[in-house]
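Asker: What follows is each chain in one-letter form.
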Amino acid sequence: MNWARPCTVFWFPERVVVPNRKEYPWYHRSYNRVPTIDQCYTDDPVCFFEANEQWIRDRQVDREIVNILRQRWRDCAFYEGVDAPVKCVELQKISEDAETNFFIKYGDLSAYANVKDCYMKQKHRMLWERRHGPVGTGMKTEQ
Amino acid sequence: MTVLSVLRAVAGPARLAITHNSQQVAKMSDHRAMNIIPSRFQWNKFKDMLHLYFVGAAIPLLAGIGITNMMVGPATLSEIPEGYVPREDEYYKSPITRFLVRNFTRNEQMEYEKKMQYIWETEHKRQLRLIEKRVKKLMAERGDYKAWYYTPHIARKYQRIVRKETEELMERRPAA
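Going down the list, the sequences are from chains A and B.
Sequential numbering from 1 applies to the first sequence in full-length UniProt numbering.
Sequential numbering from 1 applies to the second sequence in full-length UniProt numbering.
Keep in mind that a hint or two might mislead.
[Stated by the list, open to error] Straight-line C-alpha distance at most 27 Å; calculated BS3-like pairs for lysine-lysine:
| # | chain 1 | residue 1 | chain 2 | residue 2 |
| --- | --- | --- | --- | --- |
| 1 | A | 116 | B | 146 |
| 2 | B | 114 | B | 137 |
| 3 | B | 146 | B | 164 |
| 4 | A | 140 | A | 123 |
| 5 | B | 45 | A | 22 |
| 6 | B | 125 | A | 116 |
| 7 | B | 157 | A | 116 |
Derived by calculation from the structure, the hints in this document are not laboratory data.
None of these values were measured; they are calculated from a predicted model.
Only chain A is shown next, with the shape it has when bound in the complex:
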């Protein structure tokens, strides 16, 4: 593209409009960290509310992270085409690990889940692991 010759669609905004505007900033909201659910007393609903809001925000961040990693793998696969199973293995592994970890933390909770459900899921998983060994090795029968 030869920018020396003015291209109509971009010439007007770039040469006429933008220099006449003042630049002014906008910011992303930054939230302070508050105590998590394992640091709250059981009869403290305000602490629970703040931990819940923080958990919702963190879950949204984790969703976006998984999405970005998945998109990187997909872009590689789209670019490589037929060679994708060979050339995009690292990206695939990273994406699948991220999805696994996301499912371990947030998966199978309902749409109305809150931070206490997630915490209890972790507790039950640790109990199960204490009794039966790592997840994926099967349940031990009574003997």
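Start from chain A and add chain B according to the hints.
Answerer: Relative to the frame of chain A, chain B by itself:
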């Protein structure tokens, strides 16, 4: 569309033919005559509504948005400076959104803290009410405090007799 243009070709001579007929038959006294033509109501109504929705709504809004974007323009994303607390409307990019947030929207942080205050207050009330309930239940069971379930001491003797007889009855017939 071809249907309408065909009708126009037909209606033209039909229009003139009909007027000639009506003039001759009706013998209008005045020089003016009523032209019997197909209805143009829907077409006129359509033009009227189109004019309203474009000139009254679409063109002013689009012009306003276009002029705002050309004169003022969207904001640029930047880091929050040290020790600076941005205003509520500085968290949004478009100048129109910033205007609405500045003048018509509630403060997000204020609403969050109001919600926490409400939760704290209702929890306080709930704890007090739980204690009240427990006290009332004990007063009903023991009957030893004058505040609730109080009967004067004349009926107290009768109450004791009734209680003793009820207990004996319950021992004899526990299922009742």
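Asker: Between residue 125 of chain B and residue 116 of chain A, does the CA-CA distance stay at or below 27 Å?
Answerer: 23 Å, holds
Asker: Verify the proposed pairing of residue 114 of chain B with residue 137 of chain B, using a straight-line Cα cut of 27 Å.
Answerer: 35 Å, violated
Asker: Please work out if residue 140 of chain A and residue 123 of chain A have their alpha carbons no farther apart than 27 Å.
Answerer: 19 Å, holds
Asker: Given the proposed pairing of residue 45 of chain B with residue 22 of chain A, does the C-alpha separation stay at or below 27 Å?
Answerer: 45 Å, violated
Asker: Is the Cα-Cα distance between residue 146 of chain B and residue 164 of chain B 27 Å or less?
Answerer: Holds: residue 146 of chain B and residue 164 of chain B sit about 21 Å apart, inside 27 Å.
Asker: Is residue 157 of chain B close enough to residue 116 of chain A, meaning Cα to Cα at most 27 Å?
Answerer: 54 Å, violated
Asker: Hint check: residue 116 of chain A vs residue 146 of chain B, CA-CA at most 27 Å. Holds or violated?
Answerer: 44 Å, violated
Hint violations for this structure: numbers 1, 2, 5, 7, all remaining hints satisfied.
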